[in-house]
Amino acid sequence: MRDVAIVAFAQTDHRRRTDELSEVEMVMPVLHQVLDATGLRARDIGFTCSGSSDYLAGRAFSFTMALDGVGAHPPISESHVEMDGAWALYEAWVKIQTGEADTALVYSYGKSSPGEVRDVLTRQLDPYYVGPLWPDSVALAALQAQALIDAGDTDEAALAAIATRSRAAAADNPHAQIAGPVPAGEYVVQPLRTGDCPPIGDGAAAVILAAGDTARALCPRPAWIRGIDHRIEPHSLGVRRLTESPSTRLAAEHAGVFERPVDTAELHAPFTSQEVVLRKALGLDGSVTVNPSGGALAANPVMAAGLIRLGEAAARIHRGESDRALAHATSGPCLQQNLVAVLEGESAHA
Amino acid sequence: MPKEPVAVVGIGQTKHVSARRDVSIAGLVREAAVRALEDAGLTWADIDAVVIGKAPDFFEGLMMPELYLADALGAVGKPMLRVHTAGSVGGSTALVAANLVSARVHRTVLTLAFEKQSESNAMWGLSLPIPFQQPLLAGAGGFFAPHVRAYMRRTGAPETVGSLVAYKDRRNALKNPYAHIHDPDITLEKVQSAPMLWDPIRYSETCPSSDGACAMILTDRAGADRSPHPPAWVHGGAMRSEPTLFAGKDFVSPQAGKDCAADVYRQAGIGDPRREIDAVEMYVPFSWYEPMWLENLGFADEGEGWKLTESGVTELDGDLPVNPSGGVLSTNPIGASGMIRFAEAALQVRGQAGEHQVTGARKALGHAYGGGAQFFSMWLVGAEPPTR
Chain A
1 MRDVAIVAFA QTDHRRRTDE LSEVEMVMPV LHQVLDATGL RARDIGFTCS
51 GSSDYLAGRA FSFTMALDGV GAHPPISESH VEMDGAWALY EAWVKIQTGE
101 ADTALVYSYG KSSPGEVRDV LTRQLDPYYV GPLWPDSVAL AALQAQALID
151 AGDTDEAALA AIATRSRAAA ADNPHAQIAG PVPAGEYVVQ PLRTGDCPPI
201 GDGAAAVILA AGDTARALCP RPAWIRGIDH RIEPHSLGVR RLTESPSTRL
251 AAEHAGVFER PVDTAELHAP FTSQEVVLRK ALGLDGSVTV NPSGGALAAN
301 PVMAAGLIRL GEAAARIHRG ESDRALAHAT SGPCLQQNLV AVLEGESAHA
Chain B
1 MPKEPVAVVG IGQTKHVSAR RDVSIAGLVR EAAVRALEDA GLTWADIDAV
51 VIGKAPDFFE GLMMPELYLA DALGAVGKPM LRVHTAGSVG GSTALVAANL
101 VSARVHRTVL TLAFEKQSES NAMWGLSLPI PFQQPLLAGA GGFFAPHVRA
151 YMRRTGAPET VGSLVAYKDR RNALKNPYAH IHDPDITLEK VQSAPMLWDP
201 IRYSETCPSS DGACAMILTD RAGADRSPHP PAWVHGGAMR SEPTLFAGKD
251 FVSPQAGKDC AADVYRQAGI GDPRREIDAV EMYVPFSWYE PMWLENLGFA
301 DEGEGWKLTE SGVTELDGDL PVNPSGGVLS TNPIGASGMI RFAEAALQVR
351 GQAGEHQVTG ARKALGHAYG GGAQFFSMWL VGAEPPTR
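Those protein sequences? They're chains A and B, same order as listed. Each residue of the first sequence is one higher than the one before, counting from 1 in this note's numbering. Each residue of the second sequence is one higher than the one before, counting from 1 in this note's numbering.
By construction, these hints were calculated from the structure, which means they are not laboratory data.
One-sided and incomplete, this derived list gives chain B residues near chain A with beta-carbon spacing under 8 Å: (1) 24; (2) 25; (3) 63; (4) 84; (5) 102; (6) 103; (7) 241; (8) 246.
The following residues of chain B were derived to be distant from chain A, with all beta-carbon distances above 10 Å: (9) 145; (10) 146; (11) 159; (12) 187; (13) 220; (14) 221; (15) 307; (16) 352.
As the structure is a computational prediction, the values presented were derived from the model and not from experiment. Ideal Cβ placement from N, Cα and C applies to all residues, glycine included.
Using the sequences provided together with the hints, build the complete structure.
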């Protein structure tokens, strides 16, 4: 395998509404930030890959216009996944592994504000047996949270503590949508209170990947991707044990998470209860700094929030605040699909 | 380290029809996947990862359907990727899967593309609401008709060329048991007397809306050695994209298409595509795109593509058969149409195309495009393993 690193990361300030911005206008600043950080121009990039969803935009082929923000002329080698940008990063990593590219630009974006994202996400569910019931994303997460409480894995006070810790950490994150003291609030769907749920908002993120010496030339301390893998579970909630995440565990094993301890973990846990599931699957103890960015509880631009976890973990390595970090992204109801990557700074095990 | 050679060892399609009311979406994709596994002599346990593609989720009203389809495609516990690059997606999906093998991330990958268009109305699904687009275009045909007209003006091609393409493709489809449109009574007169839909495109020169799926099993050299049937080898593959609209855009022959073909030919060591390629499965949703793409892909000089069509070169028994399967004009489950092109090219070099087999086909090109003639994906497959 070629050594590939995240050499630049940028994200928007995440906000509840961005009515004044098209997707292109939202994406362009972060694209320019990562290009400027590396001194690369669009035509220097070997491969471009993005992640987004037509269902958020409310129109078919929404990603075609976002391509305008990339400056795809002369034509570029480019692809798109209808998934969180973390999987776009995975596709780009594979492309670099083939040797056909040495650099890649990855971006993703999501505007949840135009619709009711709780309702929109119900359209992901089995269209014959579950979708027609419109069980929304908070209700499904609440089922999972209650299962955790019933199993003795957590309680409401512990969930509230996760929310408090995340929003306190987000005070140092200028891009966060909500930060600082946030009241636990009323139940949205019992046992989840407003504080247990992610903010709804719009945002975008971009990353540049580079291989080997190219990465070293572009970034003083590249965040090397030592392993990356993703796995999916059955769709039906009725055949899954919601208190566990075997796909996260499997992806982590394949990514090499358990070979050495990590010091940091950026987990894509939109609900407090999902952090409990992920910590268990990944074997994270109190020695690991979890979600120093505030995580998805501080900003959850759907389709970009997973890529942002990879970017936040990489940025800590860039800044010398971490030597070995885990980054995680999720997709689907109740953590159905999960991606895990291990990122390291150069001197970590020299 | 050089890339791992990629072989196509399994191909499965559903019988494409306007509405598969007898199966769910999961049932449809599983049918194609099982056929591909049977062709490869493999079971679900042999598959390391699944790469699925389709066009806009609105076509079925199902957001990110890979989540719901994980079980039906045997992906539980495995990596599953979902590609979406507009109309080129079927081709792009196959290339993403091929990259997993050539990069040695996985040994054997199932790739599949589908559309179940009977779940919605594709034409209006593609017609973006105000304020994204003026309310005049009414589907893909409305978008592409002016570019066809531009081609006719630019080249002086006779008005009948489009009907020749449709007449050929619909006759080829009669030899393909999986093709959607089977019209044994087809005549050139019938094609030419069909109502005008989007001037200069007649109803008979447009693609249908289909329910269908196409699956392929891609594997490495060791996997190919175990294949019960001759594999098709990937000699080159590429994707290129350009914006929908920009000053200087050539809708008749987009630069991205030219660049994509050039990249594939470079990888495959093709110097003269017209002589070295034995069969082409190109994405022709409206008849006139055959002569247009013949030029864009380097099979004819600029302005000369229509002459190949008119002189019968692209017929099944011609010198350069184009769309021996009947093409998109005969079968169009949109998200799968690109993968069907790629799979049909592979069938040709495997010698498994049945009645629509091109005699002695050793190298074949699969081509797909999408969006506003802006996304291109292509692969070149051969009967022999690549030597470079």
